[in-house]
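**Q** Work out the full structure, taking the sequences as your base and the hints as a guide.
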Amino acid sequence: MQLQDFKSCLAEVYQGEVVGESAFDNMLGVVENREQRYIVASLLQFETEAKAIMRPVLYQYELPVNDAAQGYATGQAASDDLNQLPWKDRFEALQNLIASQYLPRYEMLETLVDPSQNKQAAEVARFMAEHERRILKVMENIVRGVDNPAEPIVQLLSHPLPRFE
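Numbering follows our numbering, in which position 83 of the sequence shown is assigned residue number 91; successive positions increment by one, without gaps.
One or more hints might be untrue.
[Unchecked claim] Straight-line alpha carbon distances no greater than 16 Å define the calculated EDC-like cross-link-like pairs of lysine to aspartate or glutamate that follow:
| id | residue 1 | residue 2 |
| --- | --- | --- |
| 1 | Lys96 | Asp155 |
| 2 | Lys96 | Glu20 |
| 3 | Lys59 | Asp33 |
[What the hints assert, rightly or not] Cβ pair distances, simulated, as ranges:
| id | residue 1 | residue 2 | range |
| --- | --- | --- | --- |
| 4 | Asp75 | Gln125 | 33 to 43 Å |
| 5 | Leu111 | Arg63 | 15 to 25 Å |
| 6 | Ser124 | Ile61 | 18 to 28 Å |
| 7 | Gln10 | Phe172 | 39 to 49 Å |
| 8 | Arg171 | Asn91 | 36 to 46 Å |
| 9 | Arg45 | Leu105 | 34 to 44 Å |
| 10 | Ala77 | Gln125 | 30 to 40 Å |
| 11 | Gln163 | Gln12 | 32 to 42 Å |
| 12 | Leu105 | Gln10 | 24 to 34 Å |
| 13 | Met116 | Asp75 | 18 to 28 Å |
| 14 | Gln10 | Pro168 | 34 to 44 Å |
| 15 | Gln163 | Glu118 | 17 to 27 Å |
| 16 | Leu169 | Glu118 | 35 to 45 Å |
| 17 | Gln12 | Val154 | 38 to 48 Å |
Since the hints were derived computationally from the structure, they do not count as laboratory data.
Fair warning: this is a prediction, and the values are worked out from it, not measured in the lab.
Positions of the beta carbon are idealized from the N, C-alpha and C atoms, including for glycine.
**A** If you want it as structure tokens, here you go:
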């Protein structure tokens, strides 16, 4: 394991979760119906649960386990801009952002850890890469108008939200 690279990437990925959580929290204020509320609240829940999954490994490596105020501010500012867009356009912009900036970093995390040296860290890194791929899939589903677009993340939630029909 390239420990310093792994620790740096892990901290960045965690702050990515803070940004995402803040952005989805802010987006809840502009949802227009129950379906949109369910999708955005499920994305928020997915980000929250991912942070909880990451914390033991962050703590093990003596990295911050708190949420940096800058991450919240970044997420709020980004979602303020995104919230001005129509629903599908908002998620198309997120799809492009995740594919170009976030997913590559999350997938890199997985390559920086050796499971034989730290099984828990490797499991968290694998999960986080899958986590970001699933979020990207939700964005793609929304843009394409797929029914139940949040299903890829709902399948992984430990505490899924109730769905009101």
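**Q** Now tell me, hint by hint, if it's right for this structure.
**A** Structure-based check of all given hints:
1. Lys96 to Asp155: 13 Å, holds
2. Lys96 to Glu20: 28 Å, violated
3. Lys59 to Asp33: 15 Å, holds
4. Asp75 to Gln125: 33 to 43 Å: 28 Å, violated
5. Leu111 to Arg63: 15 to 25 Å: 22 Å, holds
6. Ser124 to Ile61: 18 to 28 Å: 21 Å, holds
7. Gln10 to Phe172: 39 to 49 Å: 47 Å, holds
8. Arg171 to Asn91: 36 to 46 Å: Since the Cβ atoms of Arg171 and Asn91 sit about 23 Å apart, the hinted range of 36 to 46 Å is violated.
9. Arg45 to Leu105: 34 to 44 Å: 22 Å, violated
10. Ala77 to Gln125: 30 to 40 Å: 33 Å, holds
11. Gln163 to Gln12: 32 to 42 Å: 34 Å, holds
12. Leu105 to Gln10: 24 to 34 Å: 27 Å, holds
13. Met116 to Asp75: 18 to 28 Å: 22 Å, holds
14. Gln10 to Pro168: 34 to 44 Å: Holds, at about 36 Å.
15. Gln163 to Glu118: 17 to 27 Å: 20 Å, holds
16. Leu169 to Glu118: 35 to 45 Å: For Leu169 and Glu118 the Cβ distance comes to about 28 Å; the hint is violated.
17. Gln12 to Val154: 38 to 48 Å: Hint holds: Cβ distance 41 Å, inside 38 to 48 Å.
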